[in-house]
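J.: Listed in order, the protein sequences are those of chains A and B.
Throughout the first sequence, residue numbering follows the numbering used here, covering 1 to 195 in sequence.
Throughout the second sequence, residue numbering follows the numbering used here, covering 196 to 639 in sequence.
Check each hint, because a few of them may be wrong.
As the list claims (entries may be wrong) - Have a look at the derived ranges for each label pair, beta carbon to beta carbon:
1) A/A146 <-> B/A565: 47 to 53 Å
2) A/S64 <-> B/Q558: 21 to 27 Å
3) B/S351 <-> A/R172: 56 to 62 Å
4) B/E619 <-> A/S161: 29 to 35 Å
5) B/G586 <-> A/E43: 47 to 53 Å
6) B/D200 <-> A/P6: 31 to 37 Å
7) A/V10 <-> B/F209: 35 to 41 Å
8) A/G114 <-> B/A427: 31 to 37 Å
9) A/G104 <-> B/T207: 33 to 39 Å
Claimed, not checked - Only pairs whose alpha carbons sit at most 27 Å apart, straight line, appear in this in silico BS3-like list of lysine-lysine:
10) B/K262 <-> A/K70
11) B/K592 <-> B/K457
12) B/K262 <-> B/K388
13) B/K262 <-> A/K106
14) B/K245 <-> B/K262
Honestly, the hints are just simulated from the structure, not real lab data.
Predicted model, so just to flag it, every value in this text is computed and none were measured.
Glycine included, every Cβ here is placed at the ideal spot set by N, Cα and C.
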Amino acid sequence: MARLSPENEVLARQIIGRYPRSRSALIPLLHVAQEQDGWVTDEAMGHIGELLGLSSAEVLGTCSFYEMFKREPVGTYLVNVCTNISCQLLGGEELLEHVEERLGVKAGATTADGMFTVEDVECIAACTEAPCLQVNYRYFHRITHAAFDTLVDDLRAGRRSDEIPTHGTTTRVRQHVPADRWAGVGADGLAPEVR
Amino acid sequence: MAVTDAPKIITTRFDQADGHTLAGYERTGGYAALRAALGRTPAEVLDEVKAANIQGRGGAGFPAGTKWGFLPADVHPRYLVVNGDESEPGTYKDRLLMERDPHQLIEGVLLASYAVDAKQAFIYVRGEMAVAQERLATALNEAYAAGLVGRDIAGSGWSMDVILHWGAGAYIVGEETALIESLEGRRGMPRLKPPFFPAVKGLYMQPTIVNNVETLANIPWIVTNGGAAFAALGTEESAGMRLFALSGHVRNPGVYEVEMGKTTFRDLIEAPVYGGGIRNGGTLKAFIPGGASAPWFFEEHLDLPLSKATVDKAGSMLGSGAVVVMDDTTDAVKACARVVRFFAHESCGKCTPCREGTTWLHQILQRILAGDGRPSDLELLMDVSDNISPGITWPPKQTTICPLGPSAVSPIASALRRFRPEFEAYIAGGRHAAAVPVEVGARG
Numbered sequence: 001m002a003r004l005s006p007e008n009e010v011l012a013r014q015i016i017g018r019y020p021r022s023r024s025a026l027i028p029l030l031h032v033a034q035e036q037d038g039w040v041t042d043e044a045m046g047h048i049g050e051l052l053g054l055s056s057a058e059v060l061g062t063c064s065f066y067e068m069f070k071r072e073p074v075g076t077y078l079v080n081v082c083t084n085i086s087c088q089l090l091g092g093e094e095l096l097e098h099v100e101e102r103l104g105v106k107a108g109a110t111t112a113d114g115m116f117t118v119e120d121v122e123c124i125a126a127c128t129e130a131p132c133l134q135v136n137y138r139y140f141h142r143i144t145h146a147a148f149d150t151l152v153d154d155l156r157a158g159r160r161s162d163e164i165p166t167h168g169t170t171t172r173v174r175q176h177v178p179a180d181r182w183a184g185v186g187a188d189g190l191a192p193e194v195r
Numbered sequence: 196m197a198v199t200d201a202p203k204i205i206t207t208r209f210d211q212a213d214g215h216t217l218a219g220y221e222r223t224g225g226y227a228a229l230r231a232a233l234g235r236t237p238a239e240v241l242d243e244v245k246a247a248n249i250q251g252r253g254g255a256g257f258p259a260g261t262k263w264g265f266l267p268a269d270v271h272p273r274y275l276v277v278n279g280d281e282s283e284p285g286t287y288k289d290r291l292l293m294e295r296d297p298h299q300l301i302e303g304v305l306l307a308s309y310a311v312d313a314k315q316a317f318i319y320v321r322g323e324m325a326v327a328q329e330r331l332a333t334a335l336n337e338a339y340a341a342g343l344v345g346r347d348i349a350g351s352g353w354s355m356d357v358i359l360h361w362g363a364g365a366y367i368v369g370e371e372t373a374l375i376e377s378l379e380g381r382r383g384m385p386r387l388k389p390p391f392f393p394a395v396k397g398l399y400m401q402p403t404i405v406n407n408v409e410t411l412a413n414i415p416w417i418v419t420n421g422g423a424a425f426a427a428l429g430t431e432e433s434a435g436m437r438l439f440a441l442s443g444h445v446r447n448p449g450v451y452e453v454e455m456g457k458t459t460f461r462d463l464i465e466a467p468v469y470g471g472g473i474r475n476g477g478t479l480k481a482f483i484p485g486g487a488s489a490p491w492f493f494e495e496h497l498d499l500p501l502s503k504a505t506v507d508k509a510g511s512m513l514g515s516g517a518v519v520v521m522d523d524t525t526d527a528v529k530a531c532a533r534v535v536r537f538f539a540h541e542s543c544g545k546c547t548p549c550r551e552g553t554t555w556l557h558q559i560l561q562r563i564l565a566g567d568g569r570p571s572d573l574e575l576l577m578d579v580s581d582n583i584s585p586g587i588t589w590p591p592k593q594t595t596i597c598p599l600g601p602s603a604v605s606p607i608a609s610a611l612r613r614f615r616p617e618f619e620a621y622i623a624g625g626r627h628a629a630a631v632p633v634e635v636g637a638r639g
């Protein structure tokens with residue numbers, strides 16, 4: 001754990017090659033690091049800085065701005081409960097209380113077994129489906145307290161692992177651009193082989 | 196005013212099981228607009244979009260065709276950036292468009308790029324939308340493999356790339372210059388306009404068009420059916436169909452594609468095919484007409500049409516098409532405080548009035564809710580608001596680079612002016628009802 005693995009370094013170079021300026025790949029590469037380790041380590045940030053020609057301060061400066069990047073370990077499952085206005089009107093705060101009670105931790109904390117971290121989050125764009133929450137950025141619409149309890153049991157028993165990857169993985173499908181299909185007209189000064 | 200039977204434009208595949216696949220998209224007419232456009236000149240495509248008079252669906256409502264026309268001639272490279280960072284509280288429609296009909300968006304991106312001669316486009320998807328990212332990645336992979344994106348598109352000799360990019364959690368990135376900063380790998384802080392109008396100095400300081408997902412999703416239909424057909428829907432001022440996310444205390448919350456200008460808020464909230472009225476037979480207390488940044492509306496605004504000009508004139512905005520309905524059981528102080536918490540949390544920190552002001556507004560509201568409110572707090576809320584947005588007018592004046600700070604003033608001005616007794620009751624019933632008022636800046 002730490003620096004990007006050789007496979008992820010290859011992936012990183014492919015991603016970098018799609019942008020006219022390499023720094024644009026910084027956020028996607030931080031996601032690669034978080035997918036690898038479950039959180040963003042200092043070593044991974046250092047490695048990304050090397051790949052992009054950025055200082056550690058520049059990498060950290062960007063990383064620390066964004067809510068999704070965790071710079072310390074979090075649970076296998078991140079439970080994000082929306083309490084913003086549309087959810088608040090339909091029981092979002094009560095849902096958060098239930099989640100906290102069921103898991104035995106307050107928002108911002110991780111369960112002792114490292115399985116769950118709870119967050120009290122801002123609007124996640126499911127407003128007509130309130131109250132809602134996400135587990136590792138997978139949506140659960142109009143969720144009842146009982147349905148959440150079942151979800152927790154399922155996750156603990158490993159029954160939803162196909163549907164919900166562990167924390168760090170957002171998209172499970174990556175864009176692939178075959179070399180013979182890449183137009184490359186907008187790019188400046190990057191060798192086609194790194195695409 | 197009425198519920199109209201105008202045709203759906205961008206939600207036609209929402210119930211089609213394979214609508215998100217290339218096969219499902221092409222079977223229902225997908226990429227026909229692109230193939231037809233490649234036989235026409237870019238200027239002809241641009242003219243159709245100008246004729247459609249489609250207002251941007253992200254929030255500001257600026258006509259897309261006019262925006263495209265702002266690019267300076269002969270300055271290259273130039274870029275198209277798709278704003279898929281949907282995160283205005285109450286807003287839920289771009290995620291649906293990306294998840295359920297990703298090829299429609301990609302075709303819109305291709306048509307827009309062809310019209311403005313952009314050779315590279317970036318689709319910036321909100322980081323938290325994992326399924327939207329997967330659907331778009333899959334769709335782009337299909338489209339590249341089918342020769343619809345990349346080199347020599349559909350055998351036309353025209354080439355361009357579309358790159359899927361995704362964020363990592365920051366509401367402010369929905370502001371177009373902050374989105375560009377983020378796409379350049381930086382903290383998502385807005386740029387000053389002027390000089391950094393994206394059309395002139397955007398991504399990598401090159402001319403850049405930033406369009407909302409829903410705006411671009413309409414382009415294939417416009418190119419196929421003609422700008423005039425689109426402009427014939429709705430009214431002269433607010434053309435076409437638009438998605439509205441209706442949430443809160445209605446019987447049938449949902450995302451509805453409705454005809455602009457002719458449909459009213461009352462139609463949207465009460466018609467059986469839309470909201471079906473207030474839940475449990477209750478009565479309306481207030482509604483937010485266009486996302487958390489918008490000043491609230493009340494019963495007297497129900498018969499206003501869903502028209503940009505009309506809503507602007509009435510003192511709010513259609514914004515991002517997010518209508519949040521509150522019934523008479525709603526605690527106005529709690530609702531107001533929750534929206535203000537959002538803006539305090541999401542302030543990027545670049546401008547002092549927003550960074551400090553939204554934080555103070557949040558803290559004052561929290562102490563009111565906690566029973567520690569002071570009688571002077573209501574004037575203090577307005578005073579801090581006035582420092583963020585002088586005069587507390589509509590449209591708001593701002594002391595900040597972007598509108599986030601003034602947005603936090605909207606719920607306060609709305610709730611405090613209309614429901615002042617509720618705030619006073621919290622303060623009168625609180626533990627420190629008789630406390631000595633403190634000066635601004637003193638920590639309680």
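J.: Does each hint hold? Answer for all of them.
T.: Results of checking the hints against the structure:
no. : hint                          : result
1   : A/A146 <-> B/A565: 47 to 53 Å : 31 Å, violated
2   : A/S64 <-> B/Q558: 21 to 27 Å  : 23 Å, holds
3   : B/S351 <-> A/R172: 56 to 62 Å : 33 Å, violated
4   : B/E619 <-> A/S161: 29 to 35 Å : 53 Å, violated
5   : B/G586 <-> A/E43: 47 to 53 Å  : 52 Å, holds
6   : B/D200 <-> A/P6: 31 to 37 Å   : 59 Å, violated
7   : A/V10 <-> B/F209: 35 to 41 Å  : 38 Å, holds
8   : A/G114 <-> B/A427: 31 to 37 Å : 59 Å, violated
9   : A/G104 <-> B/T207: 33 to 39 Å : 47 Å, violated
10  : B/K262 <-> A/K70              : 38 Å, violated
11  : B/K592 <-> B/K457             : 30 Å, violated
12  : B/K262 <-> B/K388             : 15 Å, holds
13  : B/K262 <-> A/K106             : 47 Å, violated
14  : B/K245 <-> B/K262             : 9 Å, holds
Checked against the numbered hints above, the structure violates hints 1, 3, 4, 6, 8, 9, 10, 11 and 13; every other hint is satisfied.
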